[in-house]
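Protein chains: 2
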Amino acid sequence: MNRSAVPPPVTMVLDAAEAWLPARMEAVEERLRRLVEAHGELLAADAGSTLAAGGKRLRPMLVLLSAGPGAGQAAIRAATAIELVHMASLVHDDVLDAAPLRRGRPTVVARSGRERALAVGDLLFSRAFAELGQDGSRGQVELLSGASVALALGELAQRRDAFDVSISGQRYLERCGLKTARLFECACLIARAGEDGGSSVGPGGERPLEPGLTVFGREIGLAFQLLDDVLDVTGPPERTGKARGTDLLDGTVTLPLILARDRDGSLAELELRGLDDGSAEAICDRIAATGVLEEVRAGARRRVELAKRALGRSPLDAKQRQLLELVADGVVERYS
Amino acid sequence: MNRSAVPPPVTMVLDAAEAWLPARMEAVEERLRRLVEAHGELLAADAGSTLAAGGKRLRPMLVLLSAGPGAGQAAIRAATAIELVHMASLVHDDVLDAAPLRRGRPTVVARSGRERALAVGDLLFSRAFAELGQDGSRGQVELLSGASVALALGELAQRRDAFDVSISGQRYLERCGLKTARLFECACLIARAGEDGGSSVGPGGERPLEPGLTVFGREIGLAFQLLDDVLDVTGPPERTGKARGTDLLDGTVTLPLILARDRDGSLAELELRGLDDGSAEAICDRIAATGVLEEVRAGARRRVELAKRALGRSPLDAKQRQLLELVADGVVERYS
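These protein sequence lines map, in sequence, to chains A and B. Counting in our numbering, the first sequence runs from -12 upward without gaps. Counting in our numbering, the second sequence runs from -12 upward without gaps.
It is worth saying that the hints were derived from the structure and are not from the lab. Virtual Cβ for every residue (Gly too), placed ideally from N, Cα, C. Mixed in with the good hints, there may be bad ones.
[Stated by the list, open to error] Computed Cβ-Cβ distance ranges for the label pairs, DEER-style:
# : chain 1 : residue 1 : chain 2 : residue 2 : range
1 : A       : Pro302    : B       : Gly55     : 55 to 61 Å
2 : A       : Ala3      : B       : Pro56     : 39 to 45 Å
3 : B       : Gly238    : A       : Gly228    : 50 to 56 Å
4 : B       : Ala25     : A       : Ala3      : 41 to 47 Å
5 : B       : Ala149    : A       : Asp272    : 54 to 60 Å
6 : A       : Pro224    : B       : Leu88     : 55 to 61 Å
[Unchecked claim] Chain B is nowhere near these chain A residues, computed Cβ spacing over 12 Å in every case:
# : residue
7 : Trp7
8 : Pro56
9 : Arg101
Given the sequences, and given the hints that come with them, work out the whole structure.
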């Protein structure tokens, strides 16, 4: 992993973890690179630039940290699998949104068209499960497939709610739970779901056996999404890599608008269909003017605190907890 | 399973297998129905009609037959998983082709739009692996993810080759191997990949341990695809559920055209871009006039014979082999 390319909070965690974490993060990068090469020109041409564009690799880091320094190759494979599912979902999201840029680089759909992008997403997705097929456990397959089902349901919910300015905050949070938090949760649990068939999920799938890590993953996932949605309103584009108001243009109603419409009645009457870039930015300004953004940020900070407290109930040792707390802080700091 | 809705060869196999096979096929249908209901209105609205439209359920039947009458619940889950991957790939294919009809009913993309269809495909796909997470083995996850990777690579290959009238027969067969035969192969092997961590694939994934069943699945998969490609040329639409020349309109060059262009030089000069329905049908007639269709059908029949001979090298008992031979014959008979 090229450290100069990763954001400061991640670097901070890498430094605090001594040598084992950066070495394993590099092993995950290496596996991702090899996967692209293994499928030859077909995948390399389309997915290579997406892979190379990097990203925060927050999810694999959560896998490796919750696995701890004593974990073996299976943790690296699980971390790779989680990142592949995340990448697959980004590639498919970009197909749906016809997004031109992701992390400042052309998306697969912009580069290669909808057809190839759809297949590339399917391929990355399949490869994720192939990673678990090598030395994963049944519990890991259950966790990752459950998170993937949630991702797709979240996507369906987002399409169902699209352009509906009246959706409730509750519904918004359910959607964030499905689209974002479940994969974070999965990242925190998967390495501990056993390398030999053990599962951290109860036999009926009804109750996670590690509630501390489950809450930790879920809450930082929600905080991450809340802050992402604030950034869509505030920009600046040169930092987020996309235009302000992109969510509005896609018809995606997020918490800032939901809270703002109660303070500025005219926002409740918005027609989001047919917006252009300029009017989307103007709506962003009106949302910001209501002062709700600080409220959303404060909610995200509360979730991060809740996440850190939940770690006390996890079976992790003090050093692992300390590093996961740094990751949690990093989720907030990236955006402050 | 409503027998009146399934094609005659499948009914023949169901009759020959006595009570256990129809009971298990019905159990697979029941699991598929429950999955759709379990995800509530979101999935039911979009995928319900696709599920209800049925299909031949050839792949689950292969799973159940190769598992044999003594197999348990795990074989039903594996059969369900294979059909879910197949359904997911159909839903995504229809997105790419913007297909209005599948099996005579509106496709998900036609009914609900590209966005929801993409997410529905992702969901069905994830649910497939969730089935294996419940009581599948590592070997099963490896087989199914390998087949899913192949499907996506086949899709990418098809897009790469699109509108290229000069592609070789070899390249066409490679594509069929990826897009169709690998999942048939997987269906024949998956139930025997152990319920407790055993794998029918060698430790390095290099050699299948059941070459007889591997060849059987592969060859009937290829035969199935060859005959499907003949049907696209011959129709009739009221039997295939789609217009003649649909492949040509999508730019998909298949074996009938590849062989025909060597007999009718003018076909080698075709420009497939911008074809309309009428000219696609006219090309179908010119392909048929060269006499290559009987050649392709004969090739498919040879593959079915090869498949049946390979069964002799499998570890299955005489009754299982007899039923699988009926399925193999059914692949040809459906189209004769």
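Hint-by-hint comparison with the structure:
1. Evaluation of the 55 to 61 Å hint for A:Pro302 and B:Gly55 yields a failure: the beta carbon distance comes to about 43 Å.
2. For the hinted restraint 39 to 45 Å between A:Ala3 and B:Pro56, the CB-CB distance of approximately 59 Å leaves it violated.
3. Taken as a hint, the range 50 to 56 Å is violated for the pair B:Gly238 and A:Gly228, whose Cβ atoms sit roughly 34 Å apart.
4. Checked against the hint of 41 to 47 Å, the C-beta distance between B:Ala25 and A:Ala3 comes to roughly 43 Å, which is consistent with it.
5. The given range of 54 to 60 Å is broken by B:Ala149 and A:Asp272, whose C-beta atoms sit roughly 45 Å from each other.
6. Separated by about 43 Å at the C-beta atoms, A:Pro224 and B:Leu88 break the suggested range of 55 to 61 Å.
7. Here A:Trp7 stays apart from chain B, with its beta-carbon at least about 26 Å from theirs, past the 12 Å limit.
8. Residue-level check passed: A:Pro56 sits 25 Å from the nearest beta carbon of chain B, beyond 12 Å.
9. With a closest Cβ-Cβ approach of about 7 Å to chain B, A:Arg101 is found to fall inside the 12 Å limit, against its non-interface label.
In this structure, the hints that do not hold are numbers 1, 2, 3, 5, 6 and 9, in rising order.
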